[in-house]
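Participant: These protein sequences, in sequence, are chains A and B. So the first sequence is residues 1 to 254, counted in my numbering. So the second sequence is residues 255 to 507, counted in my numbering.
Note that these hints are calculated values from the structure, not bench results. Ideal placement from N, C-alpha and C gives every residue a C-beta, glycine not left out. Be careful, since some hints might not be right.
[Unchecked claim] Derived Cβ-Cβ restraints for the label pairs, each shown as a range: (1) B/VAL263 to A/LYS230: 55 to 63 Å; (2) B/TRP414 to A/ASP77: 18 to 26 Å; (3) A/LYS69 to B/ASN412: 17 to 25 Å; (4) A/ARG112 to B/ALA343: 44 to 52 Å; (5) B/GLY369 to A/ARG112: 40 to 48 Å; (6) A/ASP228 to B/ALA343: 52 to 60 Å; (7) A/GLU70 to B/LEU346: 37 to 45 Å.
[To be verified] Partner residues aside, some chain A positions facing chain B, computed with beta carbon under 10 Å: (8) LEU56; (9) SER92; (10) GLU102; (11) GLU134; (12) PRO153.
[Stated by the list, open to error] With a straight-line cut-off of 20 Å between C-alpha atoms, the simulated SDA-like cross-links for lysine to any residue are: (13) B/LYS499 to A/PHE127; (14) A/LYS129 to B/LYS419; (15) B/LYS419 to A/LEU151; (16) B/LYS499 to A/GLY126; (17) B/LYS419 to A/GLY105; (18) A/LYS69 to B/GLY410; (19) B/LYS499 to A/ARG91; (20) B/LYS499 to A/GLY105; (21) B/LYS419 to A/PRO89; (22) B/LYS419 to A/GLY109; (23) A/LYS129 to B/ARG501.
Each chain, letter by letter, is given below.
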Amino acid sequence: MTMTTAAVTVDGLTKTFETGAAVEDLSFEVREKEFVTVVGPSGCGKSTTLRMISGLVPPTRGRVYIRGKEVSGPIGDVGMVFQSPVLLPWRSTIGNVLFMAEMRGENSGEYRQRALDLIKLASLEGFEKRYPHELSGGMQQRVAICRALLLNPSLLLMDEPFGALDIMTREKMGFELQKIWSANKTTVLFVTHSITEAVLLSDTIIVMTARPGKAKAVIGVDLPRPRDVKTLRDQRFVELAAAVRDNIEAQWVE
Amino acid sequence: MEQARRLAVTLSGFAAILLAWQYGARFVHLPAYILPVPTVIAVRFWQTFAIQAHHLGVTATTTTVGLAMSLVVGILLALSVIYIRPLKAIVLPVLAAFNSIPKIAIAPLFVIWFGLGSEPKVLLAFLLGLFPIFVNSVTGLGEIEPDVLDLARLAGGNAWRMFTKVRLMHAVPYITDALKVAFPLALVGSIVGEFIGGNDGVGYLILSGQFNMDTPLVFACLVSITLFTGLAIGVVALLERIFLKWRPSRRKR
Numbered sequence: 001m002t003m004t005t006a007a008v009t010v011d012g013l014t015k016t017f018e019t020g021a022a023v024e025d026l027s028f029e030v031r032e033k034e035f036v037t038v039v040g041p042s043g044c045g046k047s048t049t050l051r052m053i054s055g056l057v058p059p060t061r062g063r064v065y066i067r068g069k070e071v072s073g074p075i076g077d078v079g080m081v082f083q084s085p086v087l088l089p090w091r092s093t094i095g096n097v098l099f100m101a102e103m104r105g106e107n108s109g110e111y112r113q114r115a116l117d118l119i120k121l122a123s124l125e126g127f128e129k130r131y132p133h134e135l136s137g138g139m140q141q142r143v144a145i146c147r148a149l150l151l152n153p154s155l156l157l158m159d160e161p162f163g164a165l166d167i168m169t170r171e172k173m174g175f176e177l178q179k180i181w182s183a184n185k186t187t188v189l190f191v192t193h194s195i196t197e198a199v200l201l202s203d204t205i206i207v208m209t210a211r212p213g214k215a216k217a218v219i220g221v222d223l224p225r226p227r228d229v230k231t232l233r234d235q236r237f238v239e240l241a242a243a244v245r246d247n248i249e250a251q252w253v254e
Numbered sequence: 255m256e257q258a259r260r261l262a263v264t265l266s267g268f269a270a271i272l273l274a275w276q277y278g279a280r281f282v283h284l285p286a287y288i289l290p291v292p293t294v295i296a297v298r299f300w301q302t303f304a305i306q307a308h309h310l311g312v313t314a315t316t317t318t319v320g321l322a323m324s325l326v327v328g329i330l331l332a333l334s335v336i337y338i339r340p341l342k343a344i345v346l347p348v349l350a351a352f353n354s355i356p357k358i359a360i361a362p363l364f365v366i367w368f369g370l371g372s373e374p375k376v377l378l379a380f381l382l383g384l385f386p387i388f389v390n391s392v393t394g395l396g397e398i399e400p401d402v403l404d405l406a407r408l409a410g411g412n413a414w415r416m417f418t419k420v421r422l423m424h425a426v427p428y429i430t431d432a433l434k435v436a437f438p439l440a441l442v443g444s445i446v447g448e449f450i451g452g453n454d455g456v457g458y459l460i461l462s463g464q465f466n467m468d469t470p471l472v473f474a475c476l477v478s479i480t481l482f483t484g485l486a487i488g489v490v491a492l493l494e495r496i497f498l499k500w501r502p503s504r505r506k507r
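So that you can see chain B by itself, here it is in the shape it has in the complex (with noise of 0.2 Å):
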């Protein structure tokens, strides 16, 4: 009940912001080209629809597969840092002042390096995506409490057990956060991927609809990726709902 309510309140605010957009622009004289009404974004996204849902599906695989790498290479690497301690003071600090590097500026390297395919838009997806999870692994995986350690050197726990049974459990919670904040991260990735180089991918469309001043085009792949940010956020929260039922509940907290 109280939830109904809650996105009754959310819709009719969204709705009342479209309608001051639909009716002030045109009560402003603001064209099209400038900014377009949510009316013709709308048609423009219906009339491209097919084209929209073909690069959409390529910018979405090059920013899974790329987050999928991220998520892969930087667990393994949180792994990596806490059993082999001495590659902490290796690995930490090159890891930091990679990050430091805004890898939007190494992009067009990229394409010097792989050319216009697929693969620097996904190098560039793993990249932005790898920090976070990175960071996120080696808290999760790594600051068990003290005591717990104890509890299980007691009973006479293995590195094995104490990693499916302790560490693993403890980083679930780390990870799907990290997810959250590497997920957009990695769609910028690949989206500045698009922008560089080659002839697919929403990147690719928004700048076919710069150069044609198609400014509803421009927005309704705005509206496109919203609705696949959407949709990743949905299934984030959905494996948060599978694996962290015990967590207390927000509202609790």
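Just chain A, same shape as in the assembly (with noise of 0.2 Å):
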């Protein structure tokens, strides 16, 4: 154990349901500035895990500390976004991005500087105006992304934010995603049964069990960044895949 505070430390972590147990007695800790990512298969109680992080929902057993406070509701610093974008479709894509901030009761003019520079590096420059039925489902994830960042929180957490999109935009986002990490500096913590993405985007991956979820495996991902189409191709991409690949199937033998 390193001496310093880990951004986020999850302590033996149970949820039960009426209907068992979804995630069991998880631990793991996430360092300052990480991108760590969830992989796991369907229903291994990955959203549950994010929830319990974000103090939305509380644990049954266990402990979640952020930057070693213990977490015991809502807690401001923190970010989401969730796998549809949520968007309020009478707001506008800054009204949307100021969201945040109107909800918290801060004048919304002070953080209009931030949103507009947020949607600049989401490369959604030119839709400030438009309304969510008019942009595409990767801008609309893209414009959930920015509400997320705007209050500057210092844990983002990601709910298979790109599950909804086709294939081809899913990639797209990836490397928009990390553009805009690289000059947000913050932690996170991404949920996704996306290999490829899972060993594009994270400095650690953990790999959780199948129902009720533990840790199964912690990879680190020694990739160099920034990383681009080119990684894909990159040697040890393809075993660092395999590596998680592994650890998953793995569990279908058990």
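Can you join these two chains into the complex? Each is in its own frame, and there are hints to help.
Facilitator: Here you go:
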């Protein structure tokens, strides 16, 4: 264990529903500014884990610490991106990005410049005044990412954010996210079931077991950044993807 | 261009119906006290214009006041059900049970209670408009996507900000839709109220037309009512244009 306080510490986290345990005795750590991806079969409690970390759902047992402080309810220092963009249809792009500031009761005018910067970074320049129905699925999800980053959260939680997009858009979004992340270095906890996405984006990959979810393996990704299309053909990339796959497929045999 | 073409088609359709009516009725020798032709109705409408305007004004007022009451009470009831959970188990079944009573059937009761003034008419208009507005307000104000609520909680949003910035905005299209349903219902309430008692309003004028076998007058009243309904729908459409700019246009959908 390092002496410095981790950005996120998950300690013996367990969530039991009426239908049984979704997550059982899950423990891991995320370092400051680290991009960590959680992969695992569907239904292994990945989303539940994120919701417990954000404080939206209380754990049955176990604890979550963010920068050494125990989480006991929704905390403002977390940005969240869901699988669907959940934009407010009556708000334009800029209005949706500013939503978090307004909900916090801040003067949204002060955040306007930051919102515009984020929109530009997410390649949405020129679409500031457009309504969600005028944007493509990928664009909507980029608006959601801008919204999550507006208040400069120390932790960004992403729950299969590209899961609803087609494969081409999805790949492009991965590179876009990398660009946004390197400009706003924040700690990211990213849930996906795409191995390619996990290896491409992460510093560390946590492979979870099938329900009830536990941490099965932790794989460090030592690929240099920035990563681009060429990275996908890198020998090391292929090896890492295979390692992740082995850990997931090993469960089929068990 | 496309719009103008469509309007032209609609108008020529109306003109065709009126022409068929005008000459068809004459052709089969229908007397004016059974089915007056459009020109006779137009003349009668013109002759009685001042009376029409007076009585329509009365009906419009009771309808508007009743509808405004259903809007306020419907939204307040919806809010009470949304914010005070246990109330839902009481308010919903009571209102549903009450809604199953044909309000028209209890109209005479209102005359006994409130007399022949405008009160029973306003009350009927209010009661008829209430249910659709309440039901749509419950959906519009209450059924917010859970993820949106979670986002607001993460940002530290309180109930007031949640109400003004999410619930209210989400409810606007539901409420304008409800108005389109509630308006004709409230109008029915006013007119039935006028049938039952009093000597004011379009309902009263229709009845007096009936007593005198003045069929053209009855039809002229229907023209008045139609004009009023058209105006009201126009107002709702205008509200939608102002508040629902963000809605995808119907053609795109």
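Participant: Compare the structure with each hint and give your call.
Facilitator: Right, here's what the structure says about each hint:
The hint said 55 to 63 Å for the Cβ distance between B/VAL263 and A/LYS230, and at roughly 60 Å that hint holds. Between B/TRP414 and A/ASP77 the beta carbon distance is about 23 Å. The supplied range of 18 to 26 Å therefore holds. For A/LYS69 paired with B/ASN412, a C-beta distance near 22 Å keeps the hint of 17 to 25 Å intact. A/ARG112 and B/ALA343 have their C-beta atoms about 45 Å apart, which keeps the hinted 44 to 52 Å range intact.
Look at B/GLY369 against A/ARG112: about 59 Å separates their beta carbons, and that is not inside 40 to 48 Å. In this structure the hint that A/ASP228 and B/ALA343 lie 52 to 60 Å apart at CB holds, the actual value being about 59 Å. Roughly 40 Å separates the CB atoms of A/GLU70 and B/LEU346, a value that falls within the hinted 37 to 45 Å. About 5 Å separates the beta-carbon of A/LEU56 from the nearest beta-carbon of chain B, less than 10 Å, and the hint is met.
Proximity of A/SER92 to chain B holds as hinted, the smallest CB-CB distance being about 8 Å (cut-off 10 Å). For A/GLU102, the shortest C-beta to C-beta distance to chain B is roughly 6 Å, which falls under 10 Å, so the interface hint holds. Proximity of A/GLU134 to chain B holds as hinted, the smallest CB-CB distance being about 8 Å (cut-off 10 Å). Because the beta carbon of A/PRO153 sits about 9 Å from the nearest beta carbon in chain B, less than 10 Å, this interface hint is met.
Our distance criterion of 20 Å between C-alpha atoms is met by B/LYS499 and A/PHE127, whose separation comes to about 16 Å. Restraint check: the Cα-Cα separation between A/LYS129 and B/LYS419 comes to about 18 Å, which is no more than 20 Å; the hinted pair holds. Our distance criterion of 20 Å between C-alpha atoms is met by B/LYS419 and A/LEU151, whose separation comes to about 18 Å. Distance hint between B/LYS499 and A/GLY126 is fulfilled; the C-alpha atoms sit about 19 Å from each other, no more than 20 Å.
Taking the CA atoms of B/LYS419 and A/GLY105, the gap is near 11 Å; set against the 20 Å cutoff, the hint holds. Distance hint between A/LYS69 and B/GLY410 is fulfilled; the C-alpha atoms sit about 18 Å from each other, no more than 20 Å. A distance of roughly 10 Å separates the Cα atoms of B/LYS499 and A/ARG91; the hinted pair therefore holds under the 20 Å criterion. For the suggested pair B/LYS499 and A/GLY105, the alpha carbons sit about 25 Å apart, so the restraint of at most 20 Å is broken.
Between the alpha carbons of B/LYS419 and A/PRO89 the distance comes to roughly 12 Å, so the proposed pair stays at or under 20 Å and holds. Taken as a hint, the B/LYS419 and A/GLY109 pair is honoured in the structure, with Cα atoms around 16 Å apart against an allowance of 20 Å. A distance of roughly 14 Å separates the Cα atoms of A/LYS129 and B/ARG501; the hinted pair therefore holds under the 20 Å criterion.
Figure legend: structure checked against the earlier numbered hints; hints not met, in rising order: 5, 20.
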